[in-house]
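With chain E fixed as given, assemble chain L onto it according to the hints.
In order, the protein sequence lines correspond to chains E and L. In this text, residue positions in the first sequence follow our numbering: the first is 2, and each later residue adds one. In this text, residue positions in the second sequence follow our numbering: the first is 30, and each later residue adds one.
Hints may contain errors.
[Stated by the list, open to error] What the simulated footprint calls covered on chain L by chain E, stretch by stretch (three residues with Cβ under 8 Å from a Cβ of chain E suffice, anywhere in the stretch; the number is not a length):
1) 137 to 147
2) 298 to 310
3) 402 to 408
[What the hints assert, rightly or not] Facing chain E, from chain L, some residues (calculated, C-beta under 10 Å):
4) Pro-126
5) Tyr-171
6) Thr-196
7) Asp-203
8) Pro-231
9) Met-234
10) Glu-313
11) Leu-377
Calculated from the structure, these hints are not laboratory results. Beta carbons: idealized from backbone N, C-alpha and C, even for Gly.
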Amino acid sequence: MSVRTVITGMGVATPHGLDITDFWAATRVGKSAIGPVTRFDVSGYPARLGGEIRGFTAAEHLPGRLVPQTDRVTQLALVAADRAFKDARLDPHDVPADDMGVVTAVTAGGAAFVQDEMRKLFSRGSRHVSAYQSFAWFNAVNSGQISIRHGLRGPTGVLVSEQAGGLDALAQARRRLRKGSALMAAGGFDAPIHPLGWAAELAGGRLSTSGDPERAYLPFDAAARGHVPGEGGALLIVEREDAARARGARAPYAEIAGHAATLDPRPGSGRPPGLRRAIELALADAAADARDVDVVFADSAATARLDREEADALTAVFGPYGVPVTAPKTMIGRLQAGGSAVDVATAVLSIREGLIPPSIHVRPSPDHRLDLVTGQARTASVHTALVLARGAGGFNSALVVRALD
Amino acid sequence: MARRAVITGIGVLAPGGIGTKAFWNLLSEGRTATRGITRFDPSPFRCKVAAEADFDPELHGLTPQEIRRMDRATQFAVVAVREAVADSGLETGALDPHRVGVGIGSALGATTSLEREYRVLSDAGRRELPDHAYALRHLHDYLTPSTIAAEVAWAAGAEGPAAVVSTGCTAGLDAVGHAVDLIREDAADVMITGATDTPISPITMAGFDAIRATTPRHDDAAHASRPFDASRNGFVLGEGAAVFVVEELQAALRRGAHIYAELAGYASRCSAFHMTGLRPDGRELARAVTEALDEARIPPGAVDYVNAHGSGTQQNDRHETAALKAALGHHAYRTPVSSIKSMVGHSLGGSGSVELAASALAMRHHVVPPTANLHTPDPECDLDYVPLTAREHRTDAVLTVGSGFGGFQSAIVLARPDRSLR
Chain E
2 MSVRTVITGM GVATPHGLDI TDFWAATRVG KSAIGPVTRF DVSGYPARLG
52 GEIRGFTAAE HLPGRLVPQT DRVTQLALVA ADRAFKDARL DPHDVPADDM
102 GVVTAVTAGG AAFVQDEMRK LFSRGSRHVS AYQSFAWFNA VNSGQISIRH
152 GLRGPTGVLV SEQAGGLDAL AQARRRLRKG SALMAAGGFD APIHPLGWAA
202 ELAGGRLSTS GDPERAYLPF DAAARGHVPG EGGALLIVER EDAARARGAR
252 APYAEIAGHA ATLDPRPGSG RPPGLRRAIE LALADAAADA RDVDVVFADS
302 AATARLDREE ADALTAVFGP YGVPVTAPKT MIGRLQAGGS AVDVATAVLS
352 IREGLIPPSI HVRPSPDHRL DLVTGQARTA SVHTALVLAR GAGGFNSALV
402 VRALD
Chain L
30 MARRAVITGI GVLAPGGIGT KAFWNLLSEG RTATRGITRF DPSPFRCKVA
80 AEADFDPELH GLTPQEIRRM DRATQFAVVA VREAVADSGL ETGALDPHRV
130 GVGIGSALGA TTSLEREYRV LSDAGRRELP DHAYALRHLH DYLTPSTIAA
180 EVAWAAGAEG PAAVVSTGCT AGLDAVGHAV DLIREDAADV MITGATDTPI
230 SPITMAGFDA IRATTPRHDD AAHASRPFDA SRNGFVLGEG AAVFVVEELQ
280 AALRRGAHIY AELAGYASRC SAFHMTGLRP DGRELARAVT EALDEARIPP
330 GAVDYVNAHG SGTQQNDRHE TAALKAALGH HAYRTPVSSI KSMVGHSLGG
380 SGSVELAASA LAMRHHVVPP TANLHTPDPE CDLDYVPLTA REHRTDAVLT
430 VGSGFGGFQS AIVLARPDRS LR
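Only chain E is shown next, with the shape it has when bound in the complex:
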């Protein structure tokens, strides 16, 4: 049997804050962080709500020289990485630099940065474009900057599969550990609350145009009308179990026990979507049975079709009302690649605390036949959690997080 992949550190940057204790304190009580967007003037747009990380000043957390070089998404990733490594209590000399690597997921790189530079290019000319443009923008920026800041000289990776990316990055990290690396930093981040991102999300047609923070993002509700975007993500430190033990690491939080990814068929093909298969393959990869799963963190797209597909996949695998399902995303919005990584962190905390955080504001439609945890958190013995993510374009990803016995 191959060596287990254990989670030994976590760092988050979410609308519930940059501190994982604050994040969990808000999440467990079902606090909403969704409100009117303040980062730019949204009054001219049909969608006006977002899950923003308020009061974030990069210079308070990062060296001054890094701030003008980086998009907000990279700043958030770097802050979460600092905290993840601290949480893992990693002494830099514990693990050779060559045995540590990083895999991150992102959806649109430093899109706000490139937007500003494009404006300068169009209105003032090419000589006004920043010297940092070429490397602040591309999707690899977060992995690159994290590797430099933490001296990681092992394998690297960058995946883009929209919301599914955070799970795919963790799976990629697990592959690298199986190939021999000792430690990987892995997760996902996005910061889509900027004018170009807003226009693009509106064009994509999945944004909720409700102005009421309590009614805007209602997955699995008959009133579901799209989602509210949020910003941030999570970075996890994952280690080969034997390597973690060898360095005398803290008791790991949990293991990443299984993963699978699928893609939906071409639209209009009449073939069934791929989520159910992703779930079944991930459970098989974890050598787990559907009965073993204590909670599902749902993708929770909040459109009629996507909710139906997800509910159908869940009832097919677990039976109607067969497993507790939750959507803590309802508190912070959908964070794209960051959202699925945050859900993994939440699943880990759920296992540790024996508590399933709630989906807020949702009145589940009986048509979906889901045991959706709503209102307040539910006390439960959580040993195995399934995290689902679906990315625009048809990407399905499923990841199994399990307590260590």
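What follows is chain L alone, placed relative to chain E:
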């Protein structure tokens, strides 16, 4: 028995001609496809040359709606997918779509369309806030490069694991490495993999101008890309896509497929040094090479040809030369090393796959493509770079390397699957 991954189909869309045949003709004849930029007015820019592909999407089978929906990079990828699948002889309709996956590399995704649309939405920068009333429905796809993987999957009927690998300039190698991982771990039997980038646009050009990464030489555009030459002074941006059908070895043998090569070893490393700078000793690139060779169970002395990253910047070509010496020892001086970027430019994430295609074709023809425009040796770059003309050379094992911003270093080893394993 361990599962092994082999290339059974290749599709290439590169400057100088569409399709694998035109691509190989260009390389084996040592012709260059760099020229003065025609896709936009380059006069305000420091760098005015690029390697452009003359590509008419409708002529290559895309419908008007596909053309509207897909960015140029996606169009390149889909056309290359069709060529690769046809070349492989696979009947995709007869495959279980769940066992066909996609791993497509791209550094900048749909940048051409994103820039074009933002120019409209911002009214050429006049508006601080974009006017979403002018947005195409596809703007979301242009901002989100994962759509390239979805389009590739739809073109090939794939419903297995799919993602865009976006490690920047090593993405074309890392995407293929990802595909190999998925075949080996039994997540897929067939992977449609490769990479695409079409970055020749004002914003990309301006970004590279600002750090003087691209060449300012524009008096002789056809000879502007000069890897390993003493007069080199920056890379020439290119565009291109290469797509591979990668299959599990036993399945490919069973159906009697033509096998170009086994993807025998892959490794990636980050140097943790600088976002655009390289450690002079090439340590991480050397480590990636060593690790990829170990995985392939091929000794350094058995490498018949090295397809270099060879971007033509002062820094890269020294770094790479040092890395090859560190990883291959004295054999580095004996094995031919060449950079096809001298002919087709640097298509960023696309380049790794385009160069891997060149490597596989070198194995097929036992011909090593040259480094064009190499007239003046640089004392610090003292390997055999196959200057100017292609060379007939027994080629059974090829090392392809890549290096990119963020400090990423990657290596892939191609070998004949029937070799005796060390």
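Consistency of the hints with the structure:
1. 137 to 147: With 4 residues closer than 8 Å to chain E, the segment 137 to 147 of chain L meets the three-residue bar; holds.
2. 298 to 310: With 8 residues closer than 8 Å to chain E, the segment 298 to 310 of chain L meets the three-residue bar; holds.
3. 402 to 408: With 0 residues in contact (Cβ-Cβ under 8 Å with chain E), the coverage given for the segment 402 to 408 of chain L is violated.
4. Pro-126: Holds: closest Cβ of chain E sits about 7 Å from Pro-126(L), inside 10 Å.
5. Tyr-171: holds (7 Å)
6. Thr-196: With Cβ-Cβ at 5 Å, under 10 Å, it holds.
7. Asp-203: With Cβ-Cβ at 7 Å, under 10 Å, it holds.
8. Pro-231: holds (6 Å)
9. Met-234: Status holds, d = 7 Å.
10. Glu-313: Given a least distance of 6 Å, the restraint on Glu-313(L) holds.
11. Leu-377: holds (8 Å)
Hint 3 alone, counting from the list given before, is not met by this structure.
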